[in-house]
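Novice: Each chain, letter by letter, is given below.
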Amino acid sequence: MQKKPSSLVLSRSTGLIFLAPALLFIALFLFFPLVWVLIISFTDTTLTGPAAANPSFVGISNYTGLFDFSRWMRLGNFGNALRNTIIFVLGSAILGQVPLGLAIALAFHRRKGLLREIVFSLATIAWILPGVAVAFAWIAFLDRDFGTFNALLALLGLPKIDWYFDYPLLAIIIFNIWRGTAFSMLLFSAALGNIPPSYWETADVIGASSWQRFRDIIFPLIRSNLFTALILVTLWTFNVFTPYLITGGGPLYRSETVPIYTYRVAFKFFEFGKGAAIAVVMMTINFILASFYLLMQRRRVG
Amino acid sequence: MRGLRKYAFKFFWGVFVLFIMGFFLLPLLWLVTAPFDAKATLRVAIPSKFTFANFQAIFRNTFAVRALFLNSIVIAGGTMLGVTLFATLAAYALARLNIRGRDILAYLLVLFSSVVQGTAAMVPIFLLLFHLKLIDTYPGVIFVLIGGLLPTGIFLMRDFVAGIPKSYEESALVSGARPWQVLRDVLLPVLRPGMMVLAVWSFVQAWGDFLISLIVMRSPAKMPAPIAIYSFYTEGGTPVLTLVSAYSLIYALPVVFLYLFVNWRYGFRFFGGIKGGGR
Numbered sequence: 001m002q003k004k005p006s007s008l009v010l011s012r013s014t015g016l017i018f019l020a021p022a023l024l025f026i027a028l029f030l031f032f033p034l035v036w037v038l039i040i041s042f043t044d045t046t047l048t049g050p051a052a053a054n055p056s057f058v059g060i061s062n063y064t065g066l067f068d069f070s071r072w073m074r075l076g077n078f079g080n081a082l083r084n085t086i087i088f089v090l091g092s093a094i095l096g097q098v099p100l101g102l103a104i105a106l107a108f109h110r111r112k113g114l115l116r117e118i119v120f121s122l123a124t125i126a127w128i129l130p131g132v133a134v135a136f137a138w139i140a141f142l143d144r145d146f147g148t149f150n151a152l153l154a155l156l157g158l159p160k161i162d163w164y165f166d167y168p169l170l171a172i173i174i175f176n177i178w179r180g181t182a183f184s185m186l187l188f189s190a191a192l193g194n195i196p197p198s199y200w201e202t203a204d205v206i207g208a209s210s211w212q213r214f215r216d217i218i219f220p221l222i223r224s225n226l227f228t229a230l231i232l233v234t235l236w237t238f239n240v241f242t243p244y245l246i247t248g249g250g251p252l253y254r255s256e257t258v259p260i261y262t263y264r265v266a267f268k269f270f271e272f273g274k275g276a277a278i279a280v281v282m283m284t285i286n287f288i289l290a291s292f293y294l295l296m297q298r299r300r301v302g
Numbered sequence: 001m002r003g004l005r006k007y008a009f010k011f012f013w014g015v016f017v018l019f020i021m022g023f024f025l026l027p028l029l030w031l032v033t034a035p036f037d038a039k040a041t042l043r044v045a046i047p048s049k050f051t052f053a054n055f056q057a058i059f060r061n062t063f064a065v066r067a068l069f070l071n072s073i074v075i076a077g078g079t080m081l082g083v084t085l086f087a088t089l090a091a092y093a094l095a096r097l098n099i100r101g102r103d104i105l106a107y108l109l110v111l112f113s114s115v116v117q118g119t120a121a122m123v124p125i126f127l128l129l130f131h132l133k134l135i136d137t138y139p140g141v142i143f144v145l146i147g148g149l150l151p152t153g154i155f156l157m158r159d160f161v162a163g164i165p166k167s168y169e170e171s172a173l174v175s176g177a178r179p180w181q182v183l184r185d186v187l188l189p190v191l192r193p194g195m196m197v198l199a200v201w202s203f204v205q206a207w208g209d210f211l212i213s214l215i216v217m218r219s220p221a222k223m224p225a226p227i228a229i230y231s232f233y234t235e236g237g238t239p240v241l242t243l244v245s246a247y248s249l250i251y252a253l254p255v256v257f258l259y260l261f262v263n264w265r266y267g268f269r270f271f272g273g274i275k276g277g278g279r
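Protein chains in written order, with my numbering: chain A, 1 to 302; chain B, 1 to 279.
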């Protein structure tokens, strides 16, 4: 049987030439660092000093240092950063951005008009503005003495809250919900828009309640999107660095997440070996999370 | 009973929408009021002494102007060109070649880049650039940004190319056009909207980047805006709010304009593509 060429315009060799630059960049700046970080994590590499020129192999001591359970939960150590990150991801991604994004998409489903345009634009702008600019805006927003939030509380006769001193982790969780909800909102909004209108007409005819519609029509059809949102938002939130611009991980490391901890170890103290070990642990957790979601996603669909 | 429920639903809907609008709008107000206030604090208030002096002060600061109008534009512009060109080529090839499992592959690559890009790869990327002698150079920052953004860029563009029927190119070829003519006269016009979105997206990503420049750039003359802003601090380490807010506003405005442009021209929304590899 004669095999039909896949395309008249694009021969296989031309196609590979088209792919080459992208593959080169991805190989050099994504795959190579992944392999190298693993190697560095078993050495005592530093930026300066004798270990910079020829680092020596130190086995797993960088890892055992991280998991020294007698003191790892102390403020400023790895356990503390990991605990903060888990709370941060759970609060701002899984219980925050994804449900809120779905709620907004549902609230404006099959609606058009100015109100929708305003809400979607505001959320999207919060998502795409430069991190440094929104960080200053949030430093002002939650400020104890002058912040808009406390001014609103005062209007209601409630006492002031010193967010960045008393609840720094909660503050960056709320910030991150504000920052990233737009992605889930846009994703669910597109998914809901793809549901054929005839489904709604049928639901109208049989007089289905809102809950029935959600359970029997919406949820099964957007389940795959839900997992995609959970995967991507979880990974992004795990790795996000913007909270550093607001709290710097403080006060006293109480809002220090793993990326901030990595940055501090690797680029404040220039302990590259230890920083690499943290990165490896972090990526391992990310890969486990991603595989878990992917398995769940495939099983439900299949 | 039904009527009552309908009103209750309307009421809660209204409360929810009002809450959401407040939540997304209120934190941004300070960026709009403080820059015009001669005595800006962290309070949001209609400026008692309305002024443009904060902006004038910034434009007199050559370091800050250079960071914004040269360094940030070079970095974001270079990244934009690289991502748009390479992602379009790759996405087109992926859509037209028969490679088995390419959909899953493209999706896994996006996940992979989400894990590796950012803080996890900081150490090896720093050492890589160090050995390539690219520390403290524009290409150093630009290349890292391109590498990190390409998987998602290809993913976005692939969806767009998949919507263009092959018959476009085939009929042009049958009628005797040369391949490069097909590329220029047939493909480029239909790919342009997708490339525009890709360009805006990658520009905005690179424009907002803080971490990679922080690690790679060393000399003040090459610092982009998000790092230069930290020069508006007093000796005691507190930000000079008049300057910080004004600089933040100038730095943020291009992103707002680009958003408004894309939203007006194409509608800012996701198309069906982001479903994931699950089906």
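Calculated from the structure, these hints are not laboratory results. Since we're looking at a predicted model, the values are computed, not measured. Beta carbons are placed, not taken as given, at the ideal position from N, Cα and C, and that holds for glycine. It is possible that some hints are incorrect.
Said to hold, decoys possible - Under 10 Å between C-beta atoms, here's a sample of chain A residues computed to sit facing chain B:
(1) Met-73
(2) Phe-120
(3) Ala-133
Said to hold, decoys possible - Restricting the straight-line Cα-Cα distance to at most 27 Å, the calculated cross-link-like pairs of lysine-lysine (DSSO-like) are:
(4) B:Lys-39 <-> A:Lys-160
(5) B:Lys-49 <-> B:Lys-39
(6) A:Lys-268 <-> B:Lys-49
To be verified - If you only want the chain A side, here are some residues facing chain B, beta carbon under 8 Å, derived:
(7) Leu-19
(8) Gly-147
(9) Gly-248
(10) Gly-250
(11) Pro-251
(12) Leu-252
(13) Ile-288
(14) Ala-290
(15) Phe-292
(16) Leu-295
Novice: Each of the hints needs a verdict: does it hold here or not?
Specialist: Verification of the supplied hints:
A cut of 10 Å between beta carbons decides the hint on A:Met-73: the least distance to chain B is about 21 Å, and the hint is violated. Annotation: interface hint on A:Phe-120 holds; nearest CB of chain B at approximately 8 Å, less than 10 Å. With a least beta-carbon distance of about 4 Å to chain B, the hint placing A:Ala-133 at the interface is held under the 10 Å criterion. For the given pair, B:Lys-39 sits about 23 Å from A:Lys-160 by alpha-carbon distance, which is consistent with the 27 Å threshold.
Distance hint between B:Lys-49 and B:Lys-39 is fulfilled; the C-alpha atoms sit about 7 Å from each other, no more than 27 Å. About 41 Å separates the Cα atoms of A:Lys-268 and B:Lys-49, which puts this hinted pair outside 27 Å; it is violated. Because the beta carbon of A:Leu-19 sits about 5 Å from the nearest beta carbon in chain B, less than 8 Å, this interface hint is met. Hint status for A:Gly-147: holds, given a least beta-carbon distance of 6 Å to chain B, under 8 Å.
Here the hint on A:Gly-248 is broken, as its CB sits about 11 Å from the closest CB of chain B, past 8 Å. Because the closest C-beta pair between A:Gly-250 and chain B is about 13 Å apart, greater than 8 Å, the hint is violated. At about 15 Å, the closest approach between the beta carbon of A:Pro-251 and any beta carbon in chain B exceeds 8 Å, and the interface hint on this residue is violated. Interface restraint check for A:Leu-252: the shortest CB-CB distance to chain B comes to about 17 Å, outside 8 Å, so the restraint is violated.
Residue-level restraint check for A:Ile-288 is violated (minimum Cβ-Cβ distance to chain B is 11 Å; threshold 8 Å). The beta carbon of A:Ala-290 comes within 5 Å of a beta carbon in chain B, closer than 8 Å, and the hint placing it at the interface holds. The beta carbon of A:Phe-292 comes no nearer than 12 Å to any beta carbon in chain B, farther than 8 Å, and the hint placing it at the interface is violated. With 8 Å as the threshold, the beta carbon of A:Leu-295 stays out of range of chain B, its nearest partner Cβ sitting at about 10 Å, so the hint is violated.
When the structure is compared with the earlier hints, violations turn up for hints 1, 6, 9, 10, 11, 12, 13, 15, 16 and for no others.
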